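**Student:** Sequence:
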Amino acid sequence: MSDLPTAAPAVALPRDGGSVLDISNLRPDWVVLFFYSRDNTSGCTKEALAFTALQADFAALDTQVIGISKDSVSSHDKFVAKYQLTVPLLSDESGTVSEAFGVWKEKSMYGKTYMGIERSTFLINGTGQIVCEWRKVKVPGHAETVLQALKEL
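FYI, in the working numbering the residues of the sequence shown are 187 to 339.
Since the hints were derived computationally from the structure, they do not count as laboratory data.
As the structure is a computational prediction, the values presented were derived from the model and not from experiment.
Careful, some of the hints might be misleading.
[To be verified] List of simulated lysine-lysine pairs, DSS-like, C-alpha gap at most 30 Å: (1) LYS291 <-> LYS264; (2) LYS232 <-> LYS291; (3) LYS256 <-> LYS291.
Build out the structure end to end from the sequences listed, making use of the hints.
**Tutor:** Listed below in structure tokens is the structure:
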């Protein structure tokens with residue numbers, strides 16, 4: 187997905203709380219879609235907290251921030267409650283949305299290879315086009331980087 191802008195894949199998934207969120211219904215707002223590996227892990231928790239802390243700044247720019255992982259809705263509910271997260275978290279248990287965005291990748295740790303979500307973020311404009319993407323994200327300062335990029339568009 188390096189030729190930008192490009193049409194964003196469809197996203198309609200169950201979210202924390204149990205309802206379904208279809209990002210096409212958020213238009214004309216922009217969307218920051220951040221993919222993360224797993225609820226309650228160190229880096230993913232820091233990332234979700236960083237986006238939660240900046241949610242009002244994104245909202246002031248008519249932008250919704252949404253997280254996606256393969257965790258269940260029940261796991262998301264516990265994660266949200268434990269850390270008072272305010273960004274919606276979508277459950278992509280089947281992995282179809284992760285695959286459509288090209289973030290389901292072979293990874294390796296301690297010499298073992300496995301499949302998992304590559305931490306990635308996509309900025310989608312009000313017409314459903316991906317206008318910026320960040321791959322292999324490093325968490326410190328990332329939410330601020332995304333906010334700054336949005337301000338510069």
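**Student:** Hint by hint, note whether the structure agrees.
**Tutor:** Okay, the hints, checked on the actual structure:
1. LYS291 <-> LYS264: holds (26 Å)
2. LYS232 <-> LYS291: holds (22 Å)
3. LYS256 <-> LYS291: Holds, at roughly 13 Å.
When the structure is compared with the earlier hints, no violation turns up for any of them.
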